[in-house]
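*Asks:* Sequence:
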Amino acid sequence: MKFIVVMVGTTIPISKEFHDWLKGKGKKGESYEDVIKRLIKPEFLNELEGSQATEEADNA
Numbered sequence: 001m002k003f004i005v006v007m008v009g010t011t012i013p014i015s016k017e018f019h020d021w022l023k024g025k026g027k028k029g030e031s032y033e034d035v036i037k038r039l040i041k042p043e044f045l046n047e048l049e050g051s052q053a054t055e056e057a058d059n060a
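Going by the working numbering, the sequence shown opens with residue 1, and the numbers climb by one from there.
Derived by calculation from the structure, the hints in this document are not laboratory data.
Warning: the hint list may mix true and false statements.
[What the hints assert, rightly or not] Listed below are the simulated DSS-like cross-link pairs for lysine-lysine, each with C-alpha atoms no more than 30 Å apart in a straight line:
(1) Lys28 <-> Lys16
(2) Lys27 <-> Lys37
(3) Lys25 <-> Lys41
(4) Lys27 <-> Lys41
(5) Lys37 <-> Lys25
(6) Lys41 <-> Lys28
Nothing here was measured: the structure is a model prediction, and the numbers come from that model.
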């Protein structure tokens, strides 16, 4: 069985296992979008910091 996550004009099919995992990571009243943003935030910040360090090295 597949679940579908719908985000403003975008549909992403996901497995039941991932849906259940994502649901388990959520807090009461939190949307799936909020959960996903919260979970990827540390990764995004690490990636952003890495790209800024590369730019600074290129400009030196």
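*Asks:* What are the numbers of the hints the structure violates, in ascending order?
*Replies:* none
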